[in-house]
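Chain A is already provided as a structure; the job is to place chain B on it using the hints.
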Amino acid sequence: MDETPLIRRFLPYLYWLIGLFLVYFVVNALIAPYASGITLSVQIVIRRLIEIGGFLLAIFAGLAIIEVYFYQIFFRQPRTILTAWIVRILQGVFAGMGLLMVLAFFERTDLFRLQEGLLRSILYFPNTLVDGLRSTLMGIGLTKDSSGWMSGVVLIVIFAGLFFLIHQLTVPRSSKLGMAYLLVLPAFIGVLVLIIYPFLFEIKLAFSNASLGTQATKNAQYGLIYGWNNLVTLFTGTVAKDATFFEVLGRTVLWTVINVVFHVSGGMALALLLHRPMKLQGFYRTLLVFPWAVPTTIVAMALRNEFDSRYGLFNILLSNLNSWLVDVSQGMVSVPVLGEMFAWLAAHIGPVSWRQDPFWAFVSVLITNIWLGIPFMMVIILGGLQSISHEYYEAAEIDGASKFQQFRHITLPLLRPVLTPAVILGVVWTFNKFDVIYLITQGGPQEKTDILVSSMYKAAFSFYRYGFTAMFALVIFVILLAFALVYLRVSGGLKSVTE
Amino acid sequence: MTSTRFSSLRRALRWFFVRSRGDSPFKTLLIHLALIGASIIAVYPVLRVVTISLRPNDALLTTDLRIIPQNATLDNYRTVLFGDPTKNRQSDFFLWLWNSFSVVAVTSIISVILAAVSAYAFSRFRFPGRSAGLVFLLTTQMIPAGMLLLPLFIMLAQLRMINTSLGLIIAYSVSSVPLTIWTLKGYYDTIPIDLEEAALIDGATRFTVFTKIILPLSSPALAIAFLFSFMGGWSEYLVARVVLQKNDLYTWPLGIFTYAQQFTVAWGQFAAASVMIAVPVMVLFLYSSKWLISGLTLGSVKG
Numbered sequence: 001m002d003e004t005p006l007i008r009r010f011l012p013y014l015y016w017l018i019g020l021f022l023v024y025f026v027v028n029a030l031i032a033p034y035a036s037g038i039t040l041s042v043q044i045v046i047r048r049l050i051e052i053g054g055f056l057l058a059i060f061a062g063l064a065i066i067e068v069y070f071y072q073i074f075f076r077q078p079r080t081i082l083t084a085w086i087v088r089i090l091q092g093v094f095a096g097m098g099l100l101m102v103l104a105f106f107e108r109t110d111l112f113r114l115q116e117g118l119l120r121s122i123l124y125f126p127n128t129l130v131d132g133l134r135s136t137l138m139g140i141g142l143t144k145d146s147s148g149w150m151s152g153v154v155l156i157v158i159f160a161g162l163f164f165l166i167h168q169l170t171v172p173r174s175s176k177l178g179m180a181y182l183l184v185l186p187a188f189i190g191v192l193v194l195i196i197y198p199f200l201f202e203i204k205l206a207f208s209n210a211s212l213g214t215q216a217t218k219n220a221q222y223g224l225i226y227g228w229n230n231l232v233t234l235f236t237g238t239v240a241k242d243a244t245f246f247e248v249l250g251r252t253v254l255w256t257v258i259n260v261v262f263h264v265s266g267g268m269a270l271a272l273l274l275h276r277p278m279k280l281q282g283f284y285r286t287l288l289v290f291p292w293a294v295p296t297t298i299v300a301m302a303l304r305n306e307f308d309s310r311y312g313l314f315n316i317l318l319s320n321l322n323s324w325l326v327d328v329s330q331g332m333v334s335v336p337v338l339g340e341m342f343a344w345l346a347a348h349i350g351p352v353s354w355r356q357d358p359f360w361a362f363v364s365v366l367i368t369n370i371w372l373g374i375p376f377m378m379v380i381i382l383g384g385l386q387s388i389s390h391e392y393y394e395a396a397e398i399d400g401a402s403k404f405q406q407f408r409h410i411t412l413p414l415l416r417p418v419l420t421p422a423v424i425l426g427v428v429w430t431f432n433k434f435d436v437i438y439l440i441t442q443g444g445p446q447e448k449t450d451i452l453v454s455s456m457y458k459a460a461f462s463f464y465r466y467g468f469t470a471m472f473a474l475v476i477f478v479i480l481l482a483f484a485l486v487y488l489r490v491s492g493g494l495k496s497v498t499e
Numbered sequence: 500m501t502s503t504r505f506s507s508l509r510r511a512l513r514w515f516f517v518r519s520r521g522d523s524p525f526k527t528l529l530i531h532l533a534l535i536g537a538s539i540i541a542v543y544p545v546l547r548v549v550t551i552s553l554r555p556n557d558a559l560l561t562t563d564l565r566i567i568p569q570n571a572t573l574d575n576y577r578t579v580l581f582g583d584p585t586k587n588r589q590s591d592f593f594l595w596l597w598n599s600f601s602v603v604a605v606t607s608i609i610s611v612i613l614a615a616v617s618a619y620a621f622s623r624f625r626f627p628g629r630s631a632g633l634v635f636l637l638t639t640q641m642i643p644a645g646m647l648l649l650p651l652f653i654m655l656a657q658l659r660m661i662n663t664s665l666g667l668i669i670a671y672s673v674s675s676v677p678l679t680i681w682t683l684k685g686y687y688d689t690i691p692i693d694l695e696e697a698a699l700i701d702g703a704t705r706f707t708v709f710t711k712i713i714l715p716l717s718s719p720a721l722a723i724a725f726l727f728s729f730m731g732g733w734s735e736y737l738v739a740r741v742v743l744q745k746n747d748l749y750t751w752p753l754g755i756f757t758y759a760q761q762f763t764v765a766w767g768q769f770a771a772a773s774v775m776i777a778v779p780v781m782v783l784f785l786y787s788s789k790w791l792i793s794g795l796t797l798g799s800v801k802g
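The listed protein sequences correspond, in order, to chains A and B.
Residues 1 to 499 (my numbering) make up the first sequence, in order.
Residues 500 to 802 (my numbering) make up the second sequence, in order.
Pulled out of the complex, with its shape left as it was, chain A reads as follows (with noise of 0.2 angstroms):
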């Protein structure tokens, strides 16, 4: 690898973007008035910039004050006992306003509810400050986007001047663990955020009756006993309009075992096959990582026609495979058994009606999947190969060890820290994914070809079933769950990945 700085060496590639880019526009502009329809103009691309720029400034802003909030606490403290007093008080102070502001932020995306009240205006009184700021800025004569880039910079500053009177309180002190603390907040606190919060909103969201009918969760109802409605709906109902759970849940272990097993055993035939000194070997390589390197939409879609009954590829291929059959079993009538076989194959191999028959349908997603997952299986159980070292190879050949030998008792031992989490996030992965199928089949014919997590899409986003698709989405987790303990306890666990 050398050592130019990436940055430095796409720069070349970036003037060559912005100049086109730059030409574009030009032209764009020129043609604009006499055409229809919405086309990128530079007012679109300066609006969203600076939307995207107020966005990043504020949560690093945020985060930085954050930051160094947490940083006083841990590396400074405070030189006599009023000092004391004033430090914890002010920090007291900082704490309580982010508490509020957190609850704040639960009340307003609904987990829970207060009346108009006293609570109320305690819990936003925050926000009310930071309103007030902003209507007094308005007031000065800015307008509503400047007053709230100003009201940013004012807190900003205000920030800085009580961190800088509670840095001249205080002596430094060390601190061990902090720094990692320090650390690690930014990335826990956006896990926090993203994912936690949402998972518990999730939860709560199963044991009520939202549904559009509700407006989400403004008039939803919640209780135990909703819970368990949607719970017995979702074993004794359908789960999105035709299929039963146990029919999809069947259908998403097959899905998931038939792909990862292609997935693993394609992988690993081609990996063994390209990991010899052999000519070619990269170009091979670059040819076989192609459907990993197409972006998945686009696979999905192309293939999606691809799979049509007269003018897709698969069907132009069988029916060409089915006429050559007829050519030869007719010249061979008079052959006994062959011109037999023969005649079988032409009457049974042919043109398939992918998209109305349910087998059929399930295949086409199957083949799809299979040949998007086989090159990353590949490249990760390639790379496991080359980490093998000669020589375990050299000492099994000279005491006489036949090649399935070698590979039952070396390779595949010595692979099995890459394949262990290779296989469990490929199991995951391919368990919940669902964008071929939605892509290809969209579920059809009558959800014969749905699995799990394209029934719980659709009953959220097509049936907008919320209640019921969040304890829907709780039962799959709870399954996955299950999977990845037992998968840990019999293979011996990721004790060897986090170590």
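Warning: the hint list may mix true and false statements.
So the derived label-pair ranges between C-beta atoms look like this [what the hints assert, rightly or not]: (1) 712(B) with 144(A): 55 to 63 angstroms; (2) 563(B) with 257(A): 34 to 42 angstroms; (3) 19(A) with 567(B): 41 to 49 angstroms; (4) 144(A) with 567(B): 54 to 62 angstroms; (5) 690(B) with 47(A): 38 to 46 angstroms; (6) 23(A) with 546(B): 25 to 33 angstroms; (7) 690(B) with 58(A): 27 to 35 angstroms.
Please keep in mind that the hints were generated in silico from the structure rather than gathered at the bench.
Computed from a prediction, not measured in an experiment: that's the story for all the values here.
C-beta atoms are modelled at their ideal positions from N, C-alpha and C, and glycine is treated no differently.
Frame of chain A; chain B shown alone:
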């Protein structure tokens, strides 16, 4: 004359079969045939998209299997890039690209920054909650993508962020952070700790160590992490479909799906748009695949 021809053939054969660790020529040939077969299966469906994009509009529906179709034309590309002059319609292709790019680039920047910092802590410090945190991050990968989508959707609706690109940025950031942390931690673990210790003894602070030693040394890994989360979001369809409903905010997967829905004239345009999007992505991917692979395996093999 014949002898020279044979010798060149022999030389070609020797070139082909050389260095094949004890494999017989016949076996080598079989291996090459198998690999060629597999390569064709891997590449042909992709080439079909190129073929369809080159077909003239009156010949879209054909059972032809040639790679370069008869009367190949670039009409579809022109329509996608510059709109359809006969219908006086502008092209929204660049708008989609810009929407995708702006959303995904910001998502990747956020997740790489967050991950780069916390992965360093996971790699270099031993603190209570460390391995629990790592396992927890892996567990989040177990949560079905669609599962968090519903609460996120309702949350975003409450915050009035449905139909904004910021909403999509938030929704995307969920999935990419945990895995990025794992990849980067795996890479940091391979950087010798002596470098840092020497710098620390010389009086450098942790911050200088991180910015002056760790970040420059791990710039390939950072690039990979960026690329990884970029690719993850770049061709995402299902989340975008839920969060964005307005035409002018469409990311390209939503956009070209409007082309792909039927087997009509738009099919050729879909193919052309796909080719133009896929080619740069693939070039980038194949170019960086070596690092990608080393990053992936390091993340899983070494602890």
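Beta-carbon spacing of residue 144(A) to residue 567(B) - inside the hinted bounds 54 to 62 angstroms or not: Distance hint for residue 144(A), residue 567(B) holds at roughly 57 angstroms.
Cβ separation of residue 23(A) and residue 546(B), checked against the hinted range 25 to 33 angstroms: 30 angstroms, holds
Supplied distance hint 38 to 46 angstroms, evaluated on CB atoms of residue 690(B) and residue 47(A): 42 angstroms, holds
C-beta pair residue 19(A), residue 567(B): status relative to the range 41 to 49 angstroms that was hinted: With a Cβ separation near 31 angstroms, residue 19(A) and residue 567(B) fall outside 41 to 49 angstroms, so the hint is violated.
Beta-carbon spacing of residue 563(B) to residue 257(A) - inside the hinted bounds 34 to 42 angstroms or not: Given range 34 to 42 angstroms: holds, Cβ gap about 37 angstroms.
Satisfaction of the hinted span 55 to 63 angstroms by the C-beta atoms belonging to residue 712(B) and residue 144(A): Cβ of residue 712(B) to Cβ of residue 144(A): about 46 angstroms, so the range 55 to 63 angstroms is violated.
C-beta pair residue 690(B), residue 58(A): status relative to the range 27 to 35 angstroms that was hinted: Since the Cβ atoms of residue 690(B) and residue 58(A) sit about 33 angstroms apart, the hinted range of 27 to 35 angstroms holds.
The structure is inconsistent with the numbered hints 1 and 3, although it conforms to all the rest.
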